[in-house]
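Residue numbers in the sequence shown follow the UniProt record's numbering, run continuously in steps of one, and reach 246 at the last position.
Hints were generated in silico from the structure; no laboratory data involved.
Be aware that a few hints might be false.
Said to hold, decoys possible - With a cut-off of at most 25 Å between alpha-carbon atoms, the simulated DSS-like pairs for lysine-lysine come out as follows:
id, residue 1, residue 2
1, K28, K67
2, K75, K42
3, K95, K28
4, K231, K88
To be verified - What follows is a set of in silico ranges between Cβ atoms, one per label pair, in the way DEER data are often shown:
id, residue 1, residue 2, range
5, Y72, V33, 39 to 45 Å
6, E48, Q119, 43 to 49 Å
7, E156, I240, 44 to 50 Å
8, P124, I21, 26 to 32 Å
9, E136, V186, 18 to 24 Å
10, K49, W181, 20 to 26 Å
Glycine included, every Cβ here is placed at the ideal spot set by N, Cα and C.
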Amino acid sequence: MKSFLKKITPRTIKVKRREYITKYNNHKLKWKVIKYLEKELKNNQSVEKLEIINFLKHNPLSVFPYKYTKEYNPKDIPVYMDSDCNMKYVLQDNKRLYFKRGWDDEQIKKYYNGLLIEQDIDSPHRYEVGDFCVQENDIVVDVGVAEGNFSLSVVEKAKKSYLFEVDEEWIDVLKITFAPWKEKVVIVNKYVSDTNNNNCVKLDNFLKKEKLNFLKADIEGAELQLLKGAKTLLSTQHSIKIAICT
């Protein structure tokens with residue numbers, strides 16, 4: 001009976017049903033988070049926890065439950081078309097940041113707005129804070145590059161940038177974005193791990209003859225393997241700045 005109903009139910013109703021279920025589950029999860037934080041607050045007073053609780057009580061569940069996120073609106077982001085490569089882009093510090101072919105304006109606006117929120121000065125996910133940042137002539141390694149917003153933000157300061165990404169569509173995008181700096185940006189289509197093979201590479205091997213100054217990694221759970229593959233590098237080179245975000 002269930003399979004029969006699935007076949008005859010219009011797609012629009014299926015989509016609305018999924019949206020309702022997602023909204024309901026997020027609402028339940030939000031209140032679980034609130035109750036957990038309220039319990040924690042009794043044991044340990046925290047201005048940040050109080051701010052998060054107040055935000056969640058008046059807003060939907062969010063990855064970044066902070067007031068500053070309200071300052072960002074996808075509608076305010078202009079999207080441009082590059083007819084030469086048939087790719088759309090936004091301007092980040094007057095530099096073109098391209099996106100995957102086939103993405104529409106709405107998709108790009110929403111995605112880039114999320115990046116702006118993520119890298120806001122008050123964001124817990126921000127890669128650079130105060131003196132913890134890329135300096136002039138640094139060697140930068142960016143693991144899990146995706147669209148390349150971080151590397152683009154530091155490309156003019158960096159002496160050399162190594163960009164690791166395995167998504168073929170993003171690699172095509174990165175080649176266009178970083179074309180103006182191709183003499184100092186190297187795009188590597190491999191995973192960074194604790195083994196060396198056709199698909200993976202250890203930083204110990206890759207940077208054997210190179211000094212590392214700033215390492216940014218956003219690789220969704222594979223951080224430990226990356227660190228294991230960089231044991232020698234991390235133990236012999238000093239003052240390496242490492243930003244690992246999950």
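Here is how each hint holds up against the structure:
1. Only pairs whose Cα atoms come within 25 Å are accepted, and K28 paired with K67 is accepted, the gap being roughly 21 Å.
2. In summary, the hint linking K75 to K42 is not supported, as the alpha carbons are separated by about 40 Å, beyond the 25 Å threshold.
3. As the CA atoms of K95 and K28 are separated by approximately 41 Å, the hinted pair breaks the 25 Å bound.
4. Taken as a hint, the K231 and K88 pair is broken in the structure, with Cα atoms around 40 Å apart against an allowance of 25 Å.
5. A hinted range of 39 to 45 Å is violated for the C-beta pair Y72 and V33, which are about 22 Å apart.
6. Restraint check, E48 to Q119: a C-beta distance of roughly 18 Å breaks the suggested window 43 to 49 Å.
7. Here the CB-CB span from E156 to I240 is close to 21 Å, at odds with the stated 44 to 50 Å.
8. Range check, P124 to I21: about 29 Å between beta-carbon atoms, so the 26 to 32 Å window is met.
9. Checking the proposed 18 to 24 Å range against E136 and V186 shows it holds: the Cβ atoms sit about 19 Å from each other.
10. Between K49 and W181 the Cβ separation comes to about 42 Å, which falls outside the hinted range of 20 to 26 Å.
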